[in-house]
Amino acid sequence: MDWLQGTITIFKKDLKTEFRTRFAFNMVIAFVISALLLIMFTLKAQELNPTPKSGLIWIIVLFAALSSLGRSFISETDKNTYNLLRIYGSGTSVFSGKLLYNIAFSFVINVFTFGIYIFLVDLSIVSWSSFLTILIFGTIGLSGVSTMIAAIVSQADRKGAIFSVLTIPLFIPFILLLTSITKSAFIDGSSEGFTNDFSALIGFIGVTITAGILLFEYIWEE
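Under our numbering, think of the first position of the sequence shown as 3, with each following residue one higher.
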């Protein structure tokens, strides 16, 4: 119960902070709209085949995540409030609360991004179950990677640059999986390939979140 209470407290704290400032939300929305318009006018995305369309959306989501999700821990050290997190409970509670907030934040952004993107590039969803699955688990995976790396680099100098350098190599295989699964939602429907890719995605998410908790516990104790 102490772990759950600490997790919820951290989640509420970050949520109230974002509602008060709306800095990250406004920044990401502006980025997403700019990126979508850029793709529309330069690449003529509406004329592309469905396969590259399935990948382009995750490129936008990836850079939106890089611009916002790292703030979960990095902003705490920038404001000199990192040590105050200890009053909320264990390292696991802090990490879980930050992760939960990042998932909620990313989900709202991703729903907005996918909605606008599907409308602009004239995509039709073949399998709604596949689409909702990839939206939910894609959001969890992106948040898991971002939260883990942000926790690791939070005490380092030049945190923003290090965060991007460490995150992108982890995102590459993840984005490839997401693109393949998204193709199933937009083109193929559920298939054997979808099942295999989805199993790999679940494994990736599980390993990432577990590693993040273990690594942060070590950093927390130090």
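Among the hints, erroneous ones may be present.
[Unchecked claim] Okay, derived cross-link-like pairs now, DSSO-like style, lysine-lysine, Cα gap no bigger than 27 angstroms in a straight line: (1) Lys81 - Lys14; (2) Lys15 - Lys81; (3) Lys81 - Lys18.
Since the hints were derived computationally from the structure, they do not count as laboratory data.
Proposed proximity, Lys14 with Lys81 (alpha carbon, max 27 angstroms): Holds, because 18 angstroms separates the two Cα atoms, which is no more than 27 angstroms.
Restraint check for Lys15 with Lys81, where alpha carbons must lie at most 27 angstroms apart: holds (14 angstroms)
Restraint check for Lys81 with Lys18, where alpha carbons must lie at most 27 angstroms apart: This hinted pair holds, its Cα atoms lying about 16 angstroms apart.
In summary, the structure agrees with every hint in the numbered list given earlier.
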